[in-house]
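Asks: To convert a position in the sequence shown, counted from 1, into our numbering, add 237.
Keep in mind the hints are simulated off the structure, nothing from the lab. Since the structure is predicted, the reported quantities are computational estimates derived from the model, not experimental observations. All residues carry an ideal CB built from backbone N, CA and C; glycine is no exception.
With a Cα cut of at most 25 Å, we get these calculated DSS-like pairs of lysine-lysine:
1. 549 - 373
2. 432 - 325
3. 432 - 366
Now the in silico label distances, taken between C-beta atoms and shown as ranges:
4. 466 - 534: 27 to 33 Å
5. 558 - 534: 48 to 54 Å
6. 417 - 520: 25 to 31 Å
7. 520 - 497: 27 to 33 Å
8. 318 - 507: 30 to 36 Å
9. 477 - 417: 25 to 31 Å
10. 354 - 481: 43 to 49 Å
11. 558 - 481: 46 to 52 Å
12. 482 - 354: 47 to 53 Å
13. 269 - 357: 21 to 27 Å
14. 431 - 245: 18 to 24 Å
15. 358 - 477: 25 to 31 Å
16. 300 - 343: 21 to 27 Å
17. 378 - 259: 23 to 29 Å
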Amino acid sequence: MDTVSTFSIGPSVFNLAYAWGRPEVQAAIRCTPEDFVVDEQLSFIPTGSGEHLLVQIEKRNTNTDWVIRQLAKLLSLPKVDIGYAGLKDRHALTRQWFSLRLPRDRESPLQQLEAPDIRIVETRRHSRKLRPGALKANRFRISLRDIAVVPEALQARLQVIAKEGVPNYFGEQRFGIENRNLDWAVALFKGRRVKNRHQRGLYFSAARSMLFNAVLSQRVEAGTWNKAQPGDVFILDGRRNVFYQDDVDDTVVERITDQAIHPTGPLWGRGPLPASIVEWERQVLEPLSDWCAGLEAAGLESARRSLRCPVKNFTWEWMDQQLILQFDLAAGSYATSVLRELVAYRDDSRRESRPSLHQSRG
Numbered sequence: 238m239d240t241v242s243t244f245s246i247g248p249s250v251f252n253l254a255y256a257w258g259r260p261e262v263q264a265a266i267r268c269t270p271e272d273f274v275v276d277e278q279l280s281f282i283p284t285g286s287g288e289h290l291l292v293q294i295e296k297r298n299t300n301t302d303w304v305i306r307q308l309a310k311l312l313s314l315p316k317v318d319i320g321y322a323g324l325k326d327r328h329a330l331t332r333q334w335f336s337l338r339l340p341r342d343r344e345s346p347l348q349q350l351e352a353p354d355i356r357i358v359e360t361r362r363h364s365r366k367l368r369p370g371a372l373k374a375n376r377f378r379i380s381l382r383d384i385a386v387v388p389e390a391l392q393a394r395l396q397v398i399a400k401e402g403v404p405n406y407f408g409e410q411r412f413g414i415e416n417r418n419l420d421w422a423v424a425l426f427k428g429r430r431v432k433n434r435h436q437r438g439l440y441f442s443a444a445r446s447m448l449f450n451a452v453l454s455q456r457v458e459a460g461t462w463n464k465a466q467p468g469d470v471f472i473l474d475g476r477r478n479v480f481y482q483d484d485v486d487d488t489v490v491e492r493i494t495d496q497a498i499h500p501t502g503p504l505w506g507r508g509p510l511p512a513s514i515v516e517w518e519r520q521v522l523e524p525l526s527d528w529c530a531g532l533e534a535a536g537l538e539s540a541r542r543s544l545r546c547p548v549k550n551f552t553w554e555w556m557d558q559q560l561i562l563q564f565d566l567a568a569g570s571y572a573t574s575v576l577r578e579l580v581a582y583r584d585d586s587r588r589e590s591r592p593s594l595h596q597s598r599g
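Start from the sequences, fold in the hints, and give me the full structure.
Replies: Right under this line is the structure:
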């Protein structure tokens with residue numbers, strides 16, 4: 238696949254600023270799938286009736302798309318009749334919800350989905366198809382191994398992350414192996430056709446994610462990623478409602494401190510917001526203006542994403558030279574963005590020898 242020289246790659250996930258300084262303590266993650274457990278928390282209570290069957294599936298070393306293909310084949314369903322709330326990593330133990338547009342008399346083949354790495358946890362009836370983002374949170378339980386320090390060495394970082402959260406960077410998995418999703422985005426900008434709508438969406442999302450990370454990294458360097466700036470666009474915690482305010486008053490400062498609202502960055506597209514911070518964002522992204530123009534030409538509408546990722550219900554304990562972390566993140570936030578602020582980690586699930594997102598910038 239040919240890329241075009243004018244589309245330079247911006248600050249990648251390997252070269253982003255740290256909120257609390259570059260970690261010095263090293264650790265290993267994902268030594269086994271059970272070291273990285275993710276449990277989806279739905280944002281609604283199933284109605285108990287309706288034409289859609291909600292299925293909670295526990296899967297090990299299996300990605301979301303593979304499960305969807307198996308469900309479609311087993312139940313003779315078109316993929317459009319299968320819904321999900323979020324994509325989940327393969328190298329993990331995950332409990333994920335799917336919806337199936339399925340009459341009650343066709344449920345029995347579901348039991349054939351049982352396999353050593355897949356099991357059905359529960360099923361519930363619901364009136365609507367499951368849509369991306371229909372999650373209250375993702376609950377994580379992560380084991381960090383090979384930590385050769387005393388517990389006190391990490392205590393300060395653990396406490397500040399619990400209190401302040403972390404920069405809401407898109408994780409490196411967003412960009413694909415060797416940033417190939419960005420290569421595909423460039424190809425789309427230059428007229429290449431990709432028939433698969435889902436794949437097209439992934440490639441455009443990778444481009445938007447790179448631009449967002451570049452803006453967020455600048456605000457982390459300036460120390461303003463978790464502070465209100467004049468003309469900022471804010472988002473309500475746990476919601477998609479946004480508002481902008483030219484003046485920073487005491488009420489805004491208090492709500493920022495309480496994590497009731499968060500400053501936002503751009504998910505680039507057409508239709509800029511009437512806020513002065515957008516002009517600053519354009520200046521930051523001037524070296525990447527071809528990417529901005531490509532997204533606008535592709536018809537994507539602009540949106541906003543929180544610059545801050547609150548780390549809720551954060552607990553930790555030491556066990557046999559392992560650090561066990563448990564926390565909740567909003568849908569769309571990355572656990573690896575929490576880990577990169579805590580330790581210099583080695584991902585043992587990756588076969589490729591490549592730098593990790595935490596290794597190049599202090």
